[in-house]
Every structure is written in structure tokens, then in C-alpha cells.
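*Asks:* From first to last, the protein sequence lines are chains A and B.
Here the first sequence is numbered in our numbering, starting from 39 and rising by one per residue.
Here the second sequence is numbered in our numbering, starting from 39 and rising by one per residue.
Certain hints may be false.
[As the list claims (entries may be wrong)] Derived coverage of chain B by chain A (criterion: at least 3 residues anywhere in the stretch with Cβ under 8 Å from a Cβ of chain A; other residues may be distant):
#1 91-98
#2 104-111
#3 181-191
#4 198-204
[To be verified] So these bits of chain B aren't anywhere near chain A, every CB distance computed over 12 Å:
#5 ALA123
#6 GLY173
#7 GLY175
#8 LEU208
[Said to hold, decoys possible] If you want a taste of the chain B side facing chain A, the calculated C-beta under 8 Å gives, among others:
#9 LEU71
#10 SER74
#11 ARG122
#12 MET129
#13 HIS133
#14 GLN220
#15 CYS221
#16 CYS224
#17 LEU226
#18 ASN229
#19 ILE233
#20 ASN241
Calculated directly from the structure, the hints in this document are not laboratory data.
Yeah, the Cβ is synthetic: ideal placement off N, Cα and C, and Gly gets one too.
Number of protein chains: 2
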Amino acid sequence: MNKKGLLIVISGFSGAGKGTVVKQLIKKYNYSLSVSATTREPREGEVDGREYYFKTKEEFQNLIDYNGFIEWAQYVENYYGTPRAFVEEEMEKGHHVILEIEVQGALNIKNQYKDALLIFITPPSAKELRNRLVGRGTEDAQTVEKRMKQAQKETKDMVNYDYIVVNDDLEECVQTVHGIIQCETCKLSNNKEFIEEITNQLNEQ
Amino acid sequence: MNKKGLLIVISGFSGAGKGTVVKQLIKKYNYSLSVSATTREPREGEVDGREYYFKTKEEFQNLIDYNGFIEWAQYVENYYGTPRAFVEEEMEKGHHVILEIEVQGALNIKNQYKDALLIFITPPSAKELRNRLVGRGTEDAQTVEKRMKQAQKETKDMVNYDYIVVNDDLEECVQTVHGIIQCETCKLSNNKEFIEEITNQLNEQ
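The shape of chain A in the complex, shown without the other chains:
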């Protein structure tokens, strides 16, 4: 069986810990991480091809023109996009590809890839979300309020996801997301060929 890999989209409120969950998934298991392209300047310590592919506006526009992104968006004056080639080549090889992406991008992807697995990571409560945002210590009070407002808006899109995973304990959350991906490969609809194979074997023996 040479099955195509899955496309796994991970979203969640800012402060839900999805970045850490994705890092752990890549570190512990054999998933391929899609790296986004952006026109913003690299920050200190960022490596081209690791955090982002850093592109000029001309290069980015050229990729848009040639259908090089499965989704892209503009925030303030910068562009962000998911390169198509990597995602499709990896899936073709049978690798599961993880994308960490905002709710709007996630829905665009579901429209193009009906089998994409949409996973939403959330803290157990609004109170805990605020605690985490404040606890980071990197955001001022105004930014915390902005992120809470953003989360409030994003709740409307949660119903478009296939799975809701509560990130209460990091290790458990990583296990659960891994479990969801494994689980997908065991679904009856993904095993029709296997059933046919073992039925033939048992009939012939």
C-alpha cells in the first residue's frame, strides 16, 4: 500500500500553545512541517527555510502569479503564504504534512483539500488563556486585550474544524494530536484496499 500522506492543519487562539505543540510533534514523530514564505524582514536568529522562506515582494508576487501558494494573505504591509510544491510533493511521498495556520487560511485549505484534517487547539478556559498571555511577559496589557478580542472572534470558526483539542497538559495534548493523525489512517475509508488484500489472501490460502 503506497498511500498518500495527510494534510494536517493546526490552528488555535494566540496563547493556546499551538506553536509548542507543533514543535513537539515534529521533534517526536515523522511529520513534515510546511514552512511559510513571507516578505517581512527576518528577525534576529531566524533562519531562511526554518522559520520562514524570506522573499522579496517581486518574488512573492511571482509565486502568486504562478499558483505557487495553496493559500496566502496580507497582514499590514507584509505577505505570508504556504508554498504548494512542498506540501504536494510530501503528500505524494506518503508523508503527513503539518501546517500551522490562522483560521481564515485553514478554511481556504479545506475548500481545496477536502480530506485535510483541521485541528483546533484551545486552552481549557478563557481565564486560562488570559493567564497564559499575561504569563508570557512579552505582551503589554493592550496587546493581551487585543489577543483576547481576536480569540473571541475566532470562536465563530471553531465549528469548521474536525477536532477540538484542549491543551491543558502539553505532553498529553501532543499525544492526542498524534493520536488523531494515527486514527485517521485507521478509518475504514482509508483501509478498503487492505481489507480487499487480506480477504483475497484468506480466500486463496
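Go by the hints and put chain B onto chain A.
*Replies:* Just chain B now, with coordinates in the frame of chain A:
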């Protein structure tokens, strides 16, 4: 959230290793195991309430009459059944209940409990199934052939299961089944209340 527990039905070819998988699941995780009732005599080392609830034919018939089983069947001259009270009480408490049961019983249960999770455990190939049956050393050649024939018949029912799990490596198989159960609890349809809750919290804060 006080959610009802799931009903998990595990079946598989004789020799697929489902008994060992179930034992490991109960040992490692917080699942409730449904113990069957039977009218057959206890074998050496078997404990009432652990391997089976041992009943007289009169007691068993009485339970049938009072709708005390969610499914029951007769093999040769003995009766086997799944007591209703334990399963429903555990689910009501929010515990996930595991049932190890044959294909026919599994389908009966799916007819009564639409949300039951049906998992079929299979070795990777017919050849491997035979190897395991022979390797056990407890069955004579005739019994091995009988079990292979039985497996051949059971392939027809595999399409009625929700998940097909290949038991190639025991540890991995146990992890996968555990993952499938966790995964079910994360499905959007099982999280509507949670979404409502966190939406309200974010709107009110």
C-alpha cells in the same frame, strides 16, 4: 463538562492478539472493561467477576427475561452475554467502556448504540495470522485450519467497523487504539458544549 463515556467494541480474528491488546489498554489507561456472563463452568484459575460472571442457566435465563443483557448468544450448549447494568452505569459516570466481542455481537451493539466505536484488530497478513496461530502451540493443525476458515468468513464483516487497526507491533497497536478513543472525544460533534462554554466566557470577559 460531564460527558457520557464511550462504548468501545473490540473485535478481530482469533490470533490477531486482541485479548493482549485489551489487557494492555486496561492496565495502562483508565478504561472500564465489561466482563461477560456465561453459563459454562469456570476453568482452573478463573475468578468469578474477572474472566466471567459465572451463572446458572436459570440465572442467565432470568437476566435475558429482564432485559439484563445488551447482547447475548449461545455457543454449543453454553450461553454468553454482556450485562447491561455495568455498561450503562459506567458510561453514565463518564467512563469509557471496552467490550471484547465477536463480530455478530458487535453488530448487534451498533444497532442499539449508534455512537459505539467499532474497532477491528487484524494481523498484517493471512500468512502472519497462520504463523501466530501455529506459534501459540496450543492448537492442533485441525483447530488452526478451523480458525483460518473462521477468519475468512469474518472478513465480510470488517466493512461494518469504524476502524481497522493492524496489530504488527503490540505496543504500537495499543497506542493506536488508545489514540482512536482519545480522538473520538476530540471530534467536533463531541465538543459543541465546550465551544459554547468558551465562547460565552470570551464574550463575557
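*Asks:* Now look at each hint and say whether the structure bears it out.
*Replies:* Structure-based check of all given hints:
no., hint, verdict
1, 91-98, "violated (count 0)"
2, 104-111, "violated (count 0)"
3, 181-191, "holds (count 3)"
4, 198-204, "holds (count 6)"
5, ALA123, "holds (30 Å)"
6, GLY173, "holds (16 Å)"
7, GLY175, "holds (20 Å)"
8, LEU208, "holds (15 Å)"
9, LEU71, "violated (20 Å)"
10, SER74, "violated (26 Å)"
11, ARG122, "violated (27 Å)"
12, MET129, "violated (21 Å)"
13, HIS133, "violated (18 Å)"
14, GLN220, "holds (5 Å)"
15, CYS221, "holds (4 Å)"
16, CYS224, "holds (4 Å)"
17, LEU226, "holds (6 Å)"
18, ASN229, "holds (4 Å)"
19, ILE233, "holds (5 Å)"
20, ASN241, "holds (6 Å)"
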